[in-house]
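Line by line, the protein sequences give chains A and B. Number 50 in the numbering used here belongs to position 9 of the first sequence; there are no gaps in the numbering. Number 611 in the numbering used here belongs to position 555 of the second sequence; there are no gaps in the numbering.
Simulated from the structure, these hints should not be mistaken for lab results. Incorrect hints may have been included.
Using C-beta positions, here's what the derived DEER-type ranges look like [said to hold, decoys possible]:
#, chain 1, residue 1, chain 2, residue 2, range
1, B, Glu-291, A, Gly-229, 32 to 42 Å
2, B, Phe-498, A, Asp-139, 56 to 66 Å
3, A, Pro-101, B, Gln-806, 46 to 56 Å
4, B, Gly-776, A, Lys-155, 52 to 62 Å
5, A, Gln-74, B, Ser-297, 32 to 42 Å
6, B, Asp-384, A, Gly-191, 55 to 65 Å
7, A, Ala-102, B, Phe-498, 58 to 68 Å
8, A, Gln-74, B, Ser-175, 49 to 59 Å
9, A, Pro-71, B, Lys-856, 26 to 36 Å
All C-beta atoms, glycine included, are put in the ideal place defined by N, C-alpha and C.
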Amino acid sequence: MSGKYFMVDTTKCTACRGCQVACKQWNKLPAEQTHNWGSFQNPKDLAFDTYRVVRFNEYPAEKNSVAWYFFTDACRHCVAPPCKDEGDQYVKDAIVVDKNGAVIYTEKTKEFGKKFEDVRKACPYDVPRMDEKTGLAAKCHMCYMRVNEGLLPACAKSCPTGALVFGDEAAMKKLANERLAEAKKKFGDKAQILDIDDVRVLYLVVDDKKKYSEYA
Amino acid sequence: MTNHWIDLRNSDCVLIMGSNAAENHPISFKWVTKAQEKGATLIHVDPRFTRTSSKADIYAPLRSGTDIAFLGGMINYIMERKRWFPEYVVNYTNAANILSDKFKFEDGLFSGYDAKKRSYDKATWVFEMDGAGLPKRDESLNDPRCVFQQLKKHYSRYTLDKVSAITGTPVNDLIKVYDAYTRTGQIDKSGTIMYAMGWTQHTVGVQNIRAMCIVQLLLGNMGMAGGGVNALRGESNVQGSTDAGLLFHILPGYLPTPPASVPNLAVYNEKFTPKTKDPQSANWWGNRPKYIVSLLKSFFGEAATKENDFGYGWLPKIDDGKAYTWLDIFDAMYDGKIKGFFSWGQNPACSGANSNKTRKALAKLDWLVNVNLFDNETGSFWKGPGMDPKKIKTEVFFLPCVASVEKEGSLSNSGRWMQWRYKAADGPGKCLPDGDIMVKLFEKIRALYEKDGGAFPEPIKNLRWDYVKGGHFDPHAVAKLINGYFERDVEIGGKQYKKGDPVPGFALLQADGSTSSGNWIYCQSYGAKNLSARRGKTDPTGMGLYPEWAWAWPVNRRIIYNRASVDIYGRPLAPNKNILEWKGGKWVGDVPDGPWPPMADKKNGKLPFIMRADGVGALFGPGLADGPFPEHYEPLECPVEKNLMSGQRMSPVAPVYKGDADVFASCDPRYPIVCTTYRVTEHWQTGVMTRWQPWLLEAQPQNFLEMSEELAKLKGIKNGEKVIVSSVRGQIECVAVVTKRFKPFTVQGQTVHEVGTTWHFGWVHPKDGGDSANLLTPSTGDPNTRIPESKAFMVNVVKKGGK
């Protein structure tokens, strides 16, 4: 095991949404036509043109009376990606994994047709989306073209607080464990790293994971 | 900022109040997060739980407009719990000074109040003097007339219960905040304040900050790494534009604008140069004559001579006692007294308080020039809501200019760093840099004066104008003149300087016309080298001062008042935060506030607050229009009939405009809800630069009104529904964001609701985005600065289509 990992420390995220906008900018993704639906969260969900969205959820809390959780949601780049397993059954290598572990959707995803729904369902985090017009599927690709040139993914590059960091597996796992120890001291035993052995995006949360995202 | 952005990481307690730093200064949170990682406590005090509050260790709600009550309670807490730092308070503040027995404070009024003029005669706000002309002092701080005891008495009225009844902050939250913050009074601890427009945009704006200055002086936090009073500037170069004299009352370098009653330079210098008889006071403003003459030489060059008072007569003068602020300009425009207007890099139709008045005022103009990147509500006001283009005579010109990255120049950030920026790309089409537009404009105006004469041609004809290179504005030429030149060959201290040499630092500026400097505080920035273009990454102190990164005014000092970070012998008060130390007969670390030895040297040592004539921090601050101690007054529009602190409901000296557009509704059942205004991360100012940006608009597409679940229930409003928010001056449509993050306040035993909305939107674009919150805000403001009271006023909210 090796390759690249993200570490997302939700306790340090201010929801500035630099990551969300940087993703759109680097990938030249068009803006969606949105309206305010009574939340700061917009677009409302991931989409073919939205690889990354910051989710906002507020709850009553003992400390400071409210907790406002932010969750920068995108592909987890699973160590053994179920979407690829599923997809390979229909179109071999429409979904590929590069040397760093980036799970990349190719032009061939067009050929999934109606089977795309099964690919999407295979994702435990409900990430992949298909373009209704072209049939192409898309999601975060770990900015593999930047990473191959020794650059950070656009999202990690934009993060001001160190909430979203990117690096080699060992370094990110070490960081995740250090941050977890800190978070346990400050926020208590609910602090946890989500699915640490299964994914290349290590989320640190300090409350029930469903409070951050339905599919967290 | 007295300190700078990176220095936030050195703090033991970060108080964010009057600011939503995580949203509006997102990069600041890089350093706030680092401070938290090292164990610092983060406190956020705000009417609404925001993205900043979400990261806070302690969040405390307060009703908008009650910050002085909150901070007054903190001062009282410091006194009662003896949390103040005795050595610092005695040596470095005016705590020990004895006040004149004529100074009084009764029922919310200080001595000298003139109700008719709504102003104070400050003659009694003075110290008792001894035979040597120095303030009488009692360093035991026991004399009942000393500043310390008077301060204690003043704030003893701000009890926890009373503060809570005013602010709506629960007593337990007050205690939590007071306890955590005032622990920074310990010798090796420092606490910092990050504030922004949430403190300034009030009828008591300056006094909000004064109250915090008192807290910082009592706790010994001024001059310390991780301390200071830190104004987070809302634009990347607003610090620079203030330094450059953007405001009406100052010339570049914080020199007072001459009033009409000051006929010549001698009188100007006599009136505005502070004096001291204290041999331990550096009284740096004693150098004022050097700075004003050097400024005049930068304005008028060879034409400025000793014989003609260096062109002092050519400077514009202000009428004594008259204000020329934003509110006053638009008031005069509304009255038809202003005929032409350059709206340069701004959007007053959305950014100014009481924007309906502003928009109507624009219709009174003969001409309007809109210099901007995009069309905006100001340039297109004539076709805006409620306007009939056929009836508007104003001729509007739009001059498209390039963006900041499409031109070269410097900007000065909140931390006073002058940073040079290179041009990254050409601007589109025929857009010009602002400097080029000014060059064209000026050359045309000068040619007209030369051809036709005119009433007062000298200031134009004599203006030094060597900023043009190859037909274009040359930012280097301007930066060099801002630094200043020797204007003739001179010898100073045995050293020769040639005419045309840059002046190496402001200590060498002269009052005899031998030097020029366009802004004395920037002298040193651009000599043989442009120091603002430096990108050195060394950090000798390890405290994040980075002395070779860009250049900070003054003289590359990164933390001002840093001589207050050491004891009277020059030893760091906090050895773990050593930014300056007197070692082997010299200062090591940051550039000290002057070269003199520490204070214990009675012959040569100097007091640390060198910009004050008496050399010490002002717990008692007699310089302001509204009193030497901050006092709580309610906003002009407020939900309570009575101010619990005194019989003065609102500031007795706040300006009240009386035109037909200046209408107010306090304690009016039609407008029962407190409203405040703010910004979000995704948009900037009135949104002119962000509303056209699809990715940002996607993230925040429409103006919204945040309200509590309790208020929404009361009003029958559901999350995401359209609502109409109205004040007595105007109304806007918003999307309701019903949230747990706003909670009703209990104020004087009554439930008070508060709502908030942004001022980022305008009718030009996008079409369904909504309009500016400033259609609601009142045209009143702070008596010192006249910044409008946009953060606390009264509204009503109804569901769209409802009653």
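Now for the hints, and whether the structure bears them out:
1. Glu-291(B) / Gly-229(A): 32 to 42 Å: 41 Å, holds
2. Phe-498(B) / Asp-139(A): 56 to 66 Å: 58 Å, holds
3. Pro-101(A) / Gln-806(B): 46 to 56 Å: 24 Å, violated
4. Gly-776(B) / Lys-155(A): 52 to 62 Å: 33 Å, violated
5. Gln-74(A) / Ser-297(B): 32 to 42 Å: The hint (32 to 42 Å, Cβ to Cβ) holds, given that Gln-74(A) and Ser-297(B) are roughly 37 Å apart.
6. Asp-384(B) / Gly-191(A): 55 to 65 Å: Once the Cβ atoms are compared, 56 Å apart, the range 55 to 65 Å for Gly-191(A) and Asp-384(B) holds.
7. Ala-102(A) / Phe-498(B): 58 to 68 Å: Given a distance of about 59 Å, which is inside 58 to 68 Å, the answer is holds.
8. Gln-74(A) / Ser-175(B): 49 to 59 Å: Check passed, 54 Å falls within 49 to 59 Å.
9. Pro-71(A) / Lys-856(B): 26 to 36 Å: 30 Å, holds
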